[in-house]
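Chains A and B, in that order, are what the protein sequence lines are.
Numbering-wise, the first sequence is residues 1 to 225 according to this note's numbering.
Numbering-wise, the second sequence is residues 1 to 225 according to this note's numbering.
Where hints are given, some of them may not hold.
Copies of the same chain are indistinguishable here, so a pair counts whether it falls within one copy or spans any two.
As the list claims (entries may be wrong) - Simulated crosslink set (BS3-like; lysine-lysine; CA at most 27 Å straight-line):
1) K135 with K114
2) K43 with K147
3) K175 with K50
4) K50 with K179
5) K179 with K34
6) K34 with K150
7) K129 with K34
8) K110 with K43
9) K110 with K175
10) K175 with K58
11) K147 with K175
Please keep in mind that the hints were generated in silico from the structure rather than gathered at the bench.
Residues per chain, in single letters:
Protein chains: 2
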Amino acid sequence: MAIPTKKPDKKRRISESTIHRLSLYYRALTLLEKENYETVSSKELARREKLTPAQVRKDLSFFGSFGTRGLGYPVNELKNKIASILGIDRTWRVALVGVGNIGSALVSYKEFMKQGFQIVKLFDNDQRKIGSNHKGIIVSDINNLEKELKEAGIELVILAVPATVAQYIVDNVVKAGVKAILNFAPVNLRVPDDVYLRNENMSMELEYLSFALVNNLSQKRVNEG
Amino acid sequence: MAIPTKKPDKKRRISESTIHRLSLYYRALTLLEKENYETVSSKELARREKLTPAQVRKDLSFFGSFGTRGLGYPVNELKNKIASILGIDRTWRVALVGVGNIGSALVSYKEFMKQGFQIVKLFDNDQRKIGSNHKGIIVSDINNLEKELKEAGIELVILAVPATVAQYIVDNVVKAGVKAILNFAPVNLRVPDDVYLRNENMSMELEYLSFALVNNLSQKRVNEG
């Protein structure tokens, strides 16, 4: 069963929430595939991700994917299509800067590797860490950051350094030509317009929960963008 | 300067993106306060969080907060108001289950404490960890989870356990009467309708970045919901 494809309409804005929901669909489809489902309805996808079927249909139509009425979406094909849209149908070379508490945990974080994000370089400024082997990767000296990022062909950088030094390091990451940065430091960083920066703040999810507790948000709404 | 308040209009839906933007405004206002600003314009708040001024005004009007034309929003008052909306104008008693790589990093994660999320209990099933002191907290036996969550008056639980055991543990957390759970395990968990569950998947932010790289998303759009 072929999924008719069309290029995303540039005039329609793809929201952050939509992209996050694509990640959710991808996970649901991966699981459905493992469970040997060949097709899935928008209703079932919605149920699994606590969304409405209308939302699912809207999101998927947005990217030119249409299910067949009565049959639903072909699981494997839709999964591959979403992987391609998200850019996770390939491997990305990732460097992680800062091998502290959070950084060390991220090196072992299996979800990164599972989606094709391969951490191949580690950097730190601690002399006791530099040169040591961390999960099979030798920790590099932060002073060689720009040079080694270039040499290793790094496309994505994860920043797990103290807030006070984050901007300095980001400036060097940008100099090395890296265009995508995931920042764990609790600070707003400046990057040029052609560099994509995302901030991961794990406290924000707890704030969502405290908001829900205080305001008695209905559970149904939790995953809707 | 008083901010006129009104109750949020129940008929208007508060989206996930709006709540996350409130967290961003809170951080920006905290910083502005440190920088001794007394007022801030929607334009400046927008600039700092890479949003549009119209978006900022819309979000804040939603909660009944209005700036004064020409003067802007009173920093301290708006900050306190958002803290109250998000439920972070108080302290929450949090338990963390699973003191592995991610769990250990979260115990030391300063942002939690800064926003009032106080980790006061740790649980693990590893006999070598049970009874040990981890950042001043004695690790409890997972077998006593329900009982100890109740006794300690825990309101929020952070789950950093393997996917295979996550549902079993969540069931026990729910039995203990906890209504809010932040899950780091890469699995969809079932909870009753009156329990709020959020999944933290750090790979999703990397997927957003790979999407951006592949689709050449303009930077301006990155923080817009």
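Outcome of the hint check:
When the C-alpha separation of K135 and K114 is checked against a cutoff of 27 Å, the pair qualifies only within one copy, where the shortest distance is 16 Å, while the shortest distance between copies is 31 Å. Taking the shortest alpha-carbon separations for K43 and K147, neither the intra-copy value of 50 Å nor the inter-copy value of 38 Å comes in at or below 27 Å. Taking the closest pair of Cα atoms, K175 and K50 come within 27 Å of each other only across two copies (22 Å); inside a single copy the shortest separation is 42 Å, beyond that limit. For the identical chains of this complex, K50 and K179 are inter-copy neighbours only, at 17 Å across copies versus 33 Å inside a copy, given an alpha-carbon limit of 27 Å.
Taking the shortest alpha-carbon separations for K179 and K34, neither the intra-copy value of 34 Å nor the inter-copy value of 31 Å comes in at or below 27 Å. Proximity of K34 and K150 under a CA criterion of 27 Å is satisfied in neither setting, with 38 Å inside one chain copy and 37 Å between copies. Taking the closest pair of Cα atoms, K129 and K34 never come within 27 Å of each other, the shortest separation being 40 Å inside a single copy and 34 Å across copies. For the homomeric pair K110 and K43, neither the shortest alpha-carbon distance inside one copy (30 Å) nor that between copies (40 Å) is at most 27 Å.
In this assembly of identical chains, K110 and K175 lie within 27 Å of each other by CA distance neither inside one copy nor across copies; the values are 29 Å within and 30 Å between. Taking the shortest alpha-carbon separations for K175 and K58, neither the intra-copy value of 40 Å nor the inter-copy value of 37 Å comes in at or below 27 Å. For the homomeric pair K147 and K175, the shortest alpha-carbon distance inside one copy (10 Å) is at most 27 Å, but the shortest distance between copies (54 Å) is not.
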